[in-house]
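**Student:** Using the sequences provided together with the hints, build the complete structure.
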Amino acid sequence: MIGIYCFLKLHLIGLLCDLLWADPDNEAKDWTENDAGVSSRFGVNVVNQFLNRYNMDLICRAHQVVENGYEFFGNRQLVTIFSAPNYCGEFDNAGAMMSIDQNLMCSFTIFQSSDKQTKKQDADDIEADRRTAFFKANVNSLSRIQTAEFDKHVKWADIENSTAPKEHTLYSLYTEL
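Under mature numbering (1 follows the signal peptide of the UniProt record, and there is no 0), residues -22 to -1, 1 to 155 are what the sequence shown spells out, in order.
Worth flagging that the hints you see were computed from the coordinates, not collected in a lab. Do not take every clue at face value.
If you anchor each label on the Cβ, the simulated ranges turn out as follows [as the list claims (entries may be wrong)]:
| id | residue 1 | residue 2 | range |
| --- | --- | --- | --- |
| 1 | GLN80 | VAL16 | 32 to 42 Å |
| 2 | VAL43 | LEU(-7) | 15 to 25 Å |
| 3 | GLY67 | LEU(-3) | 20 to 30 Å |
| 4 | ILE37 | TYR65 | 13 to 23 Å |
| 5 | GLU68 | LEU(-3) | 17 to 27 Å |
| 6 | LEU(-8) | GLY15 | 14 to 24 Å |
| 7 | PHE69 | GLY(-9) | 34 to 44 Å |
| 8 | ALA62 | MET83 | 36 to 46 Å |
Computed from a predicted model, the values in this text were never measured in an experiment. Here a beta-carbon is modelled for each residue, glycine too, at the ideal position from N, C-alpha and C.
**Tutor:** Below you can see the structure in the form of structure tokens.
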């Protein structure tokens, strides 16, 4: 049996717990209870105050399933990135990877779930058959047929480097504002 060494025990309170489990909430203005019973939920006011205090433009976070692999919150001031498509075989979600270039331009690469990929491939096959039949029927009237595959990329501009002093919990950061 292979064991995985865990050098840190996760407690149900504290900064590490909050960093993993605190979630944004469109209905909240400030801090509220988390339905999971661990950590808290926070609203757009908390995001704005945190970014202003630490002179930052964007918070990047993970550890929450989102349907399209990434999801913005609070006027694009926070982004949740989730990289596991079709998480646990239950969610039919896409996964995403965020890349940041030398100009601090962010872009997202989307990984479709296998179910969506299969449906897309079936639709692509049907479309290819339709185009082939159309081409054969109209070969004399066509000069060319264009087909294109599009990768879904989303760009978000101008994120500046900044650093923040160490604090003990997310809530303590908020209460000191």
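**Student:** All hints, please: hold or fail.
**Tutor:** Hints versus structure:
About 38 Å separates the C-beta atoms of GLN80 and VAL16, a value consistent with the hinted range of 32 to 42 Å. One distance hint, 15 to 25 Å for the beta-carbon pair VAL43 and LEU(-7), holds here, with the actual separation near 20 Å. Taking the beta carbon of each, GLY67 and LEU(-3) are about 22 Å apart, inside 20 to 30 Å as hinted. The beta-carbon spacing between ILE37 and TYR65, approximately 22 Å, falls within the hinted interval of 13 to 23 Å.
Between GLU68 and LEU(-3) the CB atoms are about 20 Å apart, so this pair conforms to the stated range of 17 to 27 Å. A beta carbon spacing of about 18 Å between LEU(-8) and GLY15 agrees with the range 14 to 24 Å that was offered as a hint. The hinted range of 34 to 44 Å is not satisfied by PHE69 and GLY(-9), whose Cβ atoms lie roughly 28 Å apart. Range check, ALA62 to MET83: about 25 Å between beta-carbon atoms, so the 36 to 46 Å window is missed.
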